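**Student:** From first to last, the protein sequence lines stand for chains A and B. Residues in the first sequence are numbered consecutively from -6, following the working numbering. Residues in the second sequence are numbered consecutively from 94, following the working numbering.
Think of the hints as simulated: they come from the structure by calculation, not from any bench. Please note that a few of the clues may not be correct.
[Said to hold, decoys possible] Short, incomplete list of chain B residues facing chain A, as computed with Cβ under 10 Å:
#: 1; residue: L143
#: 2; residue: P149
#: 3; residue: G176
#: 4; residue: R190
#: 5; residue: A191
#: 6; residue: C469
#: 7; residue: V471
[Said to hold, decoys possible] Output of the computed footprint for chain A on chain B, the stretches with three or more beta carbons under 8 Å from beta carbons of chain A:
#: 8; segment: 432 to 441
#: 9; segment: 472 to 483
Small disclaimer: the values here were computed from a predicted structure and weren't measured. Glycine included, C-beta positions come from ideal geometry on N, C-alpha and C.
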Amino acid sequence: METNVTAIMPGLTARVVVNEGDKVSKGQEVAVINCMKTEIKVLSEHEGVVKKILVKEWDELQVGDPMVVLDV
Amino acid sequence: MIRKLLIANRGEIVSRIIRTCREMGIATVAVCSEADRESPYVRQADENVLIGPANPLRSYLNIAALIEAARETGADAVHPGYGFLSERGAFAEAVERAGLAWVGPDAKLLRAISSKCYCRQVADEVGVPVVPGTLAPATDEREIVAYGRRFGYPLFLKPDKGGGGKGIEVIESEAQVPEVFKRAASISQMAFGFPACYIERVVSKPRHIEVQFLADRQGNCVCLGERECSIQRRHQKVVEEAPSTIVTAEDRQEIFEHTRNFVLKLGYNGAGTIEGLRSQDGDYYFMEINARLQVEHPVTEFTTGIDIVKHQIRIAAGEPLALLQSDIRSRGSSIEARIYAEDPVTFLPSPGVIRRALLPEASRHLRIDHALEDNCVVPPYYDPLLAKVISWDATRSAAIGHLVAALSHIRIEGVKTNIATSLHILNHPRFAQGSFDTGFVQECLDETSNAELTSGGKTRWVS
């Protein structure tokens, strides 16, 4: 099954800290959002494998926007 | 002579610069992204140009779009404000190449001082004490290990091209050296495009003391006074004041002299600030130079009566400074509280729409720098600073009183603000006594219950 790791705050993508194919555990940092110059960590809510990275540095984000696709 | 100034920034600082331009008879051009189209600062300027989408990379950080906006409107000068491209050599150079006046130190100087180690070396050459550490970037692990054996841990690794507290890594022990050195270099490369990092020792319980200066192209430099900026959270200043309660007349004379020697050696022209640390033992150390107008410049304007933006513009036009050091008189005490769109307890940002903004009237005791109005948008893409409330009086306690009264009356509805936290700080006995260091805000929050800041009678925001 696939699930998305989504933006928890609006802002800009600061960076994605995983690569496609990486195993991630529940609670692991996946990406960082820059909201009003504060860096906010986005944690995975599931255990799984990174299938696809959908965003890159400086991409705009609204709350709920998918950032990373996980195979769980 | 500057006739039309383009302000390459957004928000309160644009309103601030426009005010001085009006007095000087200079026409103004504001720029905005699609997210700021309806912002009041845009309408305050004589002309405005939409320079790009909300994403700052394509608007406020877009050099080509800004130069084009200046061409299109016939502006003959560019003021970069603070943040964004204000200290970027490439922008200053593009402005100079377009035949426009750049309000700030020239491109060559901006490029040189973007290296922290260059600044540390120049300071050292003219006898200005720098924060203890290395003057050149660390080239390998062995150098750090040797340094650690000599001076102990913890040590900081700081990016040579860094700024704003970004990318600073702490080494707690010799065992951590290889790992932290590698990480610091890679973060520094990613964030600033250069891997070089240098070593700094920890100054325990420091106070942040900075000196505002003006320097012209003719080799004159005057110091307008120091500012105390120790009230910070996560390296972000929250409350600033002038003068500092801890700087003695002798200290002041010495740090002014150090500032002048350093600035003249650099060949700096424009307004700027030397940021420093004062150790518990009373030693002052140079930390970094800020080659721009600073957010907290109003406290110096209030105590000296000098309009720093006016002098910036005159220096950019090539005029010599019309001030001597002996002309500078500092009167009374001025304090600034920054209002940020953020949760007062977690410091998490709070973008949204300000449904209602009720701010007190300015007076001889009060200045409010802002670009707010009812129903204005606070976009998530830019700085969280909403407004600056600045008070002045003959004594520090009276200035605190005015600031507390003003902050208590402010109503900002729709986004969360840090006003409750600032009131808590200003009402704290240690703030009144002036006995604090850069760890004060955190200590202050640790002893306060969250409920007091979020639900007590002091709360002035509606989430």
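**Student:** Could you run down the list of hints and mark each one as holding or not?
**Tutor:** Results of checking the hints against the structure:
Taking 10 Å as the C-beta contact cut-off toward chain A, the hint placing L143/B at the interface is violated, the least distance being around 17 Å. Annotation: interface hint on P149/B holds; nearest CB of chain A at approximately 8 Å, less than 10 Å. For G176/B, the suggested interface contact is upheld, since its CB lies about 9 Å from the closest CB of chain A, less than 10 Å. Against a cut-off of 10 Å between C-beta atoms, the interface hint on R190/B is violated, since the closest Cβ of chain A lies about 26 Å away.
At its closest, the beta carbon of A191/B sits 26 Å from a beta carbon of chain A; the interface hint therefore is violated under the 10 Å criterion. A cut of 10 Å between beta carbons decides the hint on C469/B: the least distance to chain A is about 15 Å, and the hint is violated. Hint status for V471/B: holds, given a least beta-carbon distance of 8 Å to chain A, under 10 Å. Counting residues of the segment 432 to 441 of chain B whose C-beta lies closer than 8 Å to any C-beta of chain A gives 4; at least three are required, and the coverage claim holds.
With 5 residues having a Cβ less than 8 Å from any Cβ of chain A, the segment 472 to 483 of chain B passes the three-residue criterion, so the hint holds.
Against the hints set out earlier in the document, violations occur for numbers 1, 4, 5, 6.
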